[in-house]
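Undergrad: Chains E and Z supply the protein sequences, listed in that same order. To convert, note that position 180 of the first sequence is 180 in this note's numbering; the numbers rise steadily by one, no gaps. To convert, note that position 314 of the second sequence is 314 in this note's numbering; the numbers rise steadily by one, no gaps.
The hints are simulated quantities; they were obtained by calculation from the structure and are not laboratory data. There could be a bad hint or two in this list.
Stated by the list, open to error - Output of the computed footprint for chain Z on chain E, the stretches with three or more beta carbons under 8 Å from beta carbons of chain Z:
#1 27-33
#2 96-104
#3 107-113
To be verified - Now the in silico label distances, taken between C-beta atoms and shown as ranges:
#4 Z:P124 <-> E:P180: 38 to 44 Å
#5 Z:Y111 <-> E:A76: 18 to 24 Å
#6 Z:A112 <-> E:R239: 40 to 46 Å
#7 E:V27 <-> Z:A104: 42 to 48 Å
#8 Z:G324 <-> E:D197: 46 to 52 Å
#9 Z:G250 <-> E:A140: 52 to 58 Å
#10 E:Q232 <-> Z:Q20: 58 to 64 Å
#11 E:R10 <-> Z:Y111: 40 to 46 Å
#12 Z:G319 <-> E:N25: 54 to 60 Å
Said to hold, decoys possible - Below are the BS3-like pairs computed for lysine-lysine, each with C-alpha atoms no more than 30 Å apart in a straight line:
#13 E:K168 <-> Z:K12
#14 E:K79 <-> E:K196
#15 E:K137 <-> Z:K89
#16 E:K61 <-> E:K79
#17 E:K168 <-> E:K196
#18 E:K61 <-> E:K196
#19 E:K79 <-> Z:K89
We treat Cβ as the ideally placed atom computed from N, Cα and C, and that holds for glycine.
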Amino acid sequence: MSGAALSTRRLDKRFGSLVVASDINLVIPQGVRYALIGPNGAGKTTLINLITGMLRPDAGKIILGDADITAFRPDARVKRGLVRTFQINALFPHLNALEAVTLAVCERRGVSGRWWRPLPAYGEAVEEAYAILGSLKLDADCCRLTRELAYGQQRLLEIALALATRPKVLLLDEPAAGVPREESAELFAAIAGLSKDITVLFIEHDMDIVFRFASRIIVMVGGRILLEGTPQEIAADARVREVYLGGEAP
Amino acid sequence: MAITSRAAFDPKHYLQARTQWHPIEYAFWAATLLPFILFPNHLVLASQIAITALFALSLDLILGYAGIVSLGHAAFFGLGAYTAGILSKHGWTDPLIGLLAGCAVAGLAGYATSFIIARFRHLPLIMITMGLGFLLLEAANSAEWLTGGSDGLQGVRKGRLFATIPFDLYGYTAYAYSLVVLFVVFLAVRRLINSPFGLSLRGIRENSVRMPAIGAPSRAHIRKVYTISASVAGIAGAVLTQTTATVSLGVLDFQRSAEIVIILVLGGAGRLYGGLVGAIIFMVARDQFSGIAPQYWYFWIGALLVAVVMLLPNGILGGLAQLGARWRGGSS
């Protein structure tokens, strides 16, 4: 489908007899904020793993823009603008925040393999990294080691690393996992403030947040997509209420 | 590190300040000249230390910076040593040619094996590096026509530096040569670890799973650093051959691979100077302890290793850095 930032066709994945993704067809237009919801074990993270190449699908296709990327390695997908963050912090504990983001910027600029000139010689990359940290209000702590940052700041650094790659499509796996509720709204405000050129799909359990920040919602159950629609449609759907939103079975 | 004024913070200057030469570094390199004056009778030992330090530096690149543990690094040291030896036997006695050839052969072997190395981590990686080390040792053992097998390579000739300066019995030339090679390679390695590539290596060490998610081709980085590390190890091996005019299977021995890991861990891995300090301590300790009890000197190395790892998990330099930080924290 042309015009879509990201789409999947009939994605299937099973672990032995366990079906974790079945017949996943997605069409995600550019610039939209999508939420991916579903009960635990619905296959949400698996879907992100499949899309980003951390897992290989048994069948089906993944299309980014116009290109079939199904066979691409994860780092090649990132280079094409398909980027993710992790539910559990996957950071660089003994790099400081500035170094970590500079690392990602250098990688995108194609200078990560240069070994002759010192890092400060790549001033633009360093400045860019610092600006990204600033946009997420991490600049004041940019010289502290990642492992010494507050947990909420580490969640922001996850996003900063993703932004450093200049994503076209950003997949956020529970970006506010483990963050106190007051702070998670702040974190999502930062996500909502991202450029509209970036298509965002996020997994989130807090329905208030989902309905506040998503313009469309995908509901997954048992490795399948149950429903896709606007927040109003999702909220009104009886099946969704039954399987996920905690409504009593009729 | 505290930033007093946010507005004045310049990330470029901050990184630049971190790559600048520390006064202690100047002092360290100045001190490497002391043996010429203070211990003129121990210059042979001093050159052995410089060669070991160079070998440790090569291991630090992969172990300390990229987190690739190898128990077979003597393979590259040995390749460099045999290459230089075989060349000199056949008339190519110019040390610099031997040096470059040893570097090239070890580097090629490093590049060839890096495709396997880059696919594994942790225990499997240690087993593979060990296995490759054994393969090469036994290959050299059986290829008597080339290496002399267990008798060692016969007919290694001492060259003259720049076709004029001979290697003397007291080790003046040997130490000067080893030290200059060590220093030049050190400068290159220092540049490397302060470069974007050096940062990529630390990224791999810190979280190899995250690297692909920021678009980093980790395996390509690992192949590259492994090749560079093997080349440096080859240089160290070549210098050993050239300064001692002997090559035996010992250069490929498992014990050499294990010792260099011990040296790096003693000194502090991932700290650039760790291997250098470790080499000094280890080699001097070996010299002293083996004087006391030639058969049991490894007992003391064992005690030293256990004590350092228990008390200073980041090695001697790591411990010193911690002390320094505490002292600065306490005095301010």
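Undergrad: Look at each hint and say if it fits the structure.
TA: Checked hints:
{"no.": "1", "hint": "27-33", "verdict": "violated (count 0)"}
{"no.": "2", "hint": "96-104", "verdict": "holds (count 6)"}
{"no.": "3", "hint": "107-113", "verdict": "holds (count 5)"}
{"no.": "4", "hint": "Z:P124 <-> E:P180: 38 to 44 Å", "verdict": "holds, 41 Å"}
{"no.": "5", "hint": "Z:Y111 <-> E:A76: 18 to 24 Å", "verdict": "holds, 22 Å"}
{"no.": "6", "hint": "Z:A112 <-> E:R239: 40 to 46 Å", "verdict": "violated, 58 Å"}
{"no.": "7", "hint": "E:V27 <-> Z:A104: 42 to 48 Å", "verdict": "violated, 54 Å"}
{"no.": "8", "hint": "Z:G324 <-> E:D197: 46 to 52 Å", "verdict": "holds, 47 Å"}
{"no.": "9", "hint": "Z:G250 <-> E:A140: 52 to 58 Å", "verdict": "holds, 55 Å"}
{"no.": "10", "hint": "E:Q232 <-> Z:Q20: 58 to 64 Å", "verdict": "holds, 60 Å"}
{"no.": "11", "hint": "E:R10 <-> Z:Y111: 40 to 46 Å", "verdict": "holds, 42 Å"}
{"no.": "12", "hint": "Z:G319 <-> E:N25: 54 to 60 Å", "verdict": "holds, 58 Å"}
{"no.": "13", "hint": "E:K168 <-> Z:K12", "verdict": "holds, 28 Å"}
{"no.": "14", "hint": "E:K79 <-> E:K196", "verdict": "holds, 19 Å"}
{"no.": "15", "hint": "E:K137 <-> Z:K89", "verdict": "violated, 65 Å"}
{"no.": "16", "hint": "E:K61 <-> E:K79", "verdict": "holds, 19 Å"}
{"no.": "17", "hint": "E:K168 <-> E:K196", "verdict": "holds, 10 Å"}
{"no.": "18", "hint": "E:K61 <-> E:K196", "verdict": "holds, 26 Å"}
{"no.": "19", "hint": "E:K79 <-> Z:K89", "verdict": "violated, 51 Å"}
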